[in-house]
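For this one, chain A is given, so just place chain B on it according to the hints.
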Amino acid sequence: MPLMTSRQALIAALHRAMAVDERVIFLGAGVATRNPGLLSAFGAERVRNTPLAEASIVGCAVGAAAMGLRPVVDLLFSPFLMLAMDALVNSAGKLGALSGGQFEFPLVVLAQTGAGWSIGGQHNHNLEALFVHVPGLQVLMPGTPADTAGLLTGALGQPRPSLLFSDIGLAHETADITGDEWLLPGQAAVRRRGDALTLVGYGKTVGHCLTAAQTLLAEGVAAEVIDLRSLKPLDAATVLASARKTGRLLCVTEASGLCGLAAELCALVVEQAWRSLKAPPQRLTGPDRPALASWPLEQAAVPRPEHIVARARALMQTHEAF
Amino acid sequence: MDAATASARLDAMLLIRAYEEQLIATTSASQPGTCTSVGQEACAVGVVAALRPQDRLISNHRSAGHLLARGADPERLFAEVLGRATGYCGGHAGSLHISAAALGVVLTSTTVGGGLSLAPGVALAQKLGAQPDGITAVFFGDGAACQGIFHEAVNLAVTWRLPLLYVCENNQWQAYVHRSETMPGEHVADWVQGHGLVAEVVDGNDVEAVHAAAVQASAAIRDHGGPRLLELTTYRQRGHFEPDDQAYVCATEHARWLARDPVKRQAERLMLDAEALAHRMVQARGRIEQAYAAALAAPWPQAA
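Sequence lines, in order, name chains A and B.
Note that my numbering has the first sequence beginning at 44, numbered continuously upward.
Note that my numbering has the second sequence beginning at 473, numbered continuously upward.
Because the hints were derived from the structure by calculation, they are not lab data.
Ideal placement from N, C-alpha and C gives every residue a C-beta, glycine not left out.
A portion of the hints provided could be inaccurate.
Label-pair distances were calculated between CB atoms; the ranges are [what the hints assert, rightly or not]:
#1 A:P276 x B:G543: 55 to 65 angstroms
#2 B:G620 x A:D64: 47 to 57 angstroms
#3 A:P178 x B:A746: 48 to 58 angstroms
#4 A:A279 x B:H650: 50 to 60 angstroms
With a cut-off of at most 20 angstroms between alpha-carbon atoms, the simulated SDA-like pairs for lysine to any residue come out as follows [stated by the list, open to error]:
#5 A:K137 x B:G563
#6 A:K137 x B:N627
#7 A:K137 x A:L126
#8 A:K137 x B:A775
#9 A:K321 x A:A306
#10 A:K137 x B:P773
Same shape as in the complex, but just chain A:
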């Protein structure tokens, strides 16, 4: 089993998908230039460099998807999605439903985001929640090479559009790949079992939660750690089962907090697991400001394991007060 980064695993999964399904095409600025293996295997008709013009790249992919192709589009960095909003939100997200189901949009749009490269706020912006709010879109953010390969493969078989975010901060981490990863959107993973409190994250905050859980265990607190992986569809059942077991929830995101995934999860357990709760559900999120470039400033915007530990300790002590 070879060691791969998430990007390598994604390209390998795409290679497999293109080999078995000629409807799969790959579009984006540099997808042919930077993936000579794909280009030589599948040719320039299916592996297409594009202009740096996001609105037309995504629009083209959406039109092609409605006609039966399965485009994968590399938009490089998540803030660039803002240039393609009409095609993503008004067309891909809505025209399936508005047409009475006459069209399907099996496309996957790739984008990187997150602290880790000091690249600044117009290349790094965790705006996943913005897309979660759009009807019709699936929003995925895997944190491991295997999940990246699995979710790309799983999303490509779906009749609806998906955004697949990759965390820049995890770009250099490698893991074993079996080569047959396949994961349907909508399934969270329990990364560590525990019964004292539930820590939920996605992308790089999962690793931070696991590090915090080690520290907490030394203090006699067994934390359960959940990796959402798929933000929409959201695996409410896994989060609720854990919250009902532990009675304490701490949601940790790099994205800012207002109207975000962490708020949604807190609302979920308040609405559906109220009687099991031993303390008010908590959020630990990034700030409501653009990502700054300087390494220490960029890193300071991400919840760290020590922050998670501090909030978890406080959460463990609010039992009586609640």
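Frame of chain A, contents of chain B only:
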């Protein structure tokens, strides 16, 4: 051009006129107003007659002409506008986003320029195998041409040599603003020379001229690959959206264009007198009134 074909094109335009006049007459609180294409019927009928079954059409918010010219059932169109289950989109689209996949009218988007962004992908899919001998015709206006996506999409279509017929219905109005306020010149066709897109300006109120140009342009696309653009000079006789008092419209300009009405032009070509034309219109209205009544009686969709 034979007389029977010219006569059929007049009837096709009359059907569109009668359909839209029905919606204008019945606009009310319970029947939302529509964006009509009154005065632009020759564009729809002339271009669509040049297309083949394997071709795909992308329309916009003024879609009735394109759909009816392609053979849409007026009853199912009315049903869609009225939100009934028997509409082409099950009542989910209303008047603004009517697609009819069975007719090859795909992905109608009502954001101005939305269709322009999708068109290269539809044409690419055709080229890659969906309909290797098909072309995509995308209908848009001078307003959409002022969107940035127009230039992005034209650049892509020319660079990738996509089988795409751009049909610009330059109707002089961009919602509530006259084209002369938003464009330095009169023609969109002038803009695309720099993109290497072959373009032709045609009298959009002459259905035969439109048809001849569309036949030539679509044949060029099929024979040589790569896109073409037709700019059809026409006029939006009604307001942006019904009801609209058009108080902002210059009466002199409006009157000049009414004198060039495409229905009247075709009737003159056929040497029909006023009475004969009125008779043809009564026939079209009869069919439309029947369709409207049937649509009104159709069931509402079930809310999930």
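Verification of the supplied hints:
With their beta carbons about 39 angstroms apart, A:P276 and B:G543 fall outside the hinted range of 55 to 65 angstroms. With their beta carbons about 33 angstroms apart, B:G620 and A:D64 fall outside the hinted range of 47 to 57 angstroms. Between A:P178 and B:A746 the Cβ separation comes to about 52 angstroms, which falls inside the hinted range of 48 to 58 angstroms. As the Cβ distance of A:A279 to B:H650 is approximately 53 angstroms, the hint placing it in 50 to 60 angstroms holds.
Under the criterion of a C-alpha separation no larger than 20 angstroms, the hint pairing A:K137 with B:G563 is consistent with the structure, at around 14 angstroms. Proximity of A:K137 to B:N627 is assessed by CA-CA distance (about 26 angstroms); at most 20 angstroms being required, the pair is judged violated. Distance hint between A:K137 and A:L126 is fulfilled; the C-alpha atoms sit about 18 angstroms from each other, no more than 20 angstroms. Restraint check for A:K137 and B:A775: satisfied, since their Cα atoms lie roughly 17 angstroms apart, inside the 20 angstroms limit.
As the CA atoms of A:K321 and A:A306 are separated by approximately 18 angstroms, the hinted pair is consistent with the 20 angstroms bound. For a cut-off of 20 angstroms, the pair hint linking A:K137 to B:P773 stands: about 18 angstroms separates their Cα positions.
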